[in-house]
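Below are the chains, spelled out letter by letter.
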Amino acid sequence: MPDPAPAFDESALVERARNGDDQAFAELLNRYDRKILRLAKNITNNEEDAEDVLQEAFLKAYTHLADFKGDSRFYTWIVRIAVNESLMKLRKRKSDKMVSLDEPVDNGEETVTREVAVWDDTPEIKYSQEEIKKILDESVESLPPIFRSVFVLRDIEELSTEETAEVLGISIPAVKSRLLRARLQLREKLTRFFRRKGDNVFAYL
Amino acid sequence: MLTCKDFLKELNDYLDEHCEPGLRRELEAHLGACPNCFVIADTTKKTIKIYQGQEPKAVPEMVRFRLLAALERKMQERKSSDCASGEVNRA
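Residue numbers (our numbering), protein chains in the order written: chain Z, 25 to 229; chain S, 30 to 120.
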C-alpha cells in the first residue's frame with residue numbers, strides 16, 4: 025500500500041533554506057521541533073532547560089546554516105547542536121559535579137543483571153498512557169548522563185551507532201558499551217513494573 | 030559453547046541484527062538452552078520497543094510562540110543586513 029504521507033525531502037528543504045527561503049527553514053522546524061524538545065528534556069531532565077535548548081538549537085541552526093556541510097543529515101546536525109546545548113545546561117545545574125561524556129566508565133566488569141523475570145506480552149496495557157509515560161520518563165531520568173545520552177540518541181531518536189558517536193564525540197566502542205549498560209539498566213528498572221504476575225525473580229550473575 | 034557472559038557481550042548486536050549469521054546461530058543456540066538469557070534478551074527487546082513506540086508530545090503553545098517570535102527576529106535581522114550589504118555593494 026502506498027504511503028499516504030507526502031514525501032519529505034530534507035536535503036531539498038535545507039538547500040532552499042540555505043538560499044534564503046525562510047519558509048523552508050520553518051518546515052524543517054515543524055518537522056523536528058517535537059523531537060528536539062523531547063531529546064533536550066531527556067538529557068537535561070528539566071522542562072525549562074529543554075525549552076531553552078529547543079529555542080537556542082533552532083536559532084543557532086538558522087544563524088549557522090551556511091556552515092552546514094551537508095555531509096550528514098540536517099537532523100543529525102541539529103541534534104548535535106541540541107545535545108551540546110543540553111550538556112551545557114546540565115553542567116550549569118550541576119556546577120559542583122562536572123558532567124562529562126568522556127569520564128571513564130568501563131572497568132572491564134560485566135554488567136550485573138539481578139532481576140530476571142518474564143514480562144507480560146503487552147505490559148503497557150496494564151497502565152494508562154499517562155502512567156506509562158511517567159514510568160518510562162522516570163526510568164530514563166534515573167540513568168547516569170553518560171548512559172542516558174547514548175540511549176536517548178540510539179533507541180529513542182533512532183540515530184545509528186556512527187551518528188551517535190559523531191554527535192557525542194565519543195568512539196563507536198564507547199557508544200556500544202554504554203548502550204548495552206543503559207539498555208540493561210532500563211530493562212531492570214522496567215521489570216519492576218512489567219513483570220508477569222507471579223513470575224519468579226531470581227539472582228543471576 | 031557460548032557462556033552467558035559471551036551472550037551478554039553480543040546482546041546489542043543480536044538485538045540490532047548486526048551479527049554475522051554464524052554468530053547469530055550460536056547466540057540462538059544459547060538462547061534455546063538458557064532460560065535466563067532468553068528472558069534478558071526478550072525483556073531488553075521489549076524495553077527498546079516500548080520506548081520507540083512513544084510519540085514525542087507536542088511543543089506547548091507558549092514555547093512554540095516564543096521560538097517562532099525569536100526566529101522571526103533573526104530572519105528580519107538577516108534580511109536587514111542583506112539589504113544593507115546590497116546597498117554597500119551598489120554604492
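Derived by calculation from the structure, the hints in this document are not laboratory data. Backbone N, C-alpha and C fix where the C-beta goes; we use that ideal spot for every residue, glycine too. Honestly, I wouldn't trust all of these hints.
Stated by the list, open to error - Which bits of chain S does chain Z cover? Going by a derived footprint, with three or more residues having C-beta under 8 Å, they are:
id: 1; region: 57–70
id: 2; region: 74–81
Claimed, not checked - Pulled a few chain S residues facing chain Z out of the computed Cβ check, cut under 7 Å:
id: 3; residue: Leu31
id: 4; residue: Pro85
id: 5; residue: Gln105
Status of each hint after checking the structure:
| no. | hint | verdict |
| --- | --- | --- |
| 1 | 57–70 | holds (count 3) |
| 2 | 74–81 | holds (count 6) |
| 3 | Leu31 | violated, 14 Å |
| 4 | Pro85 | holds, 4 Å |
| 5 | Gln105 | violated, 10 Å |
The structure shown violates the earlier hints numbered 3 and 5.
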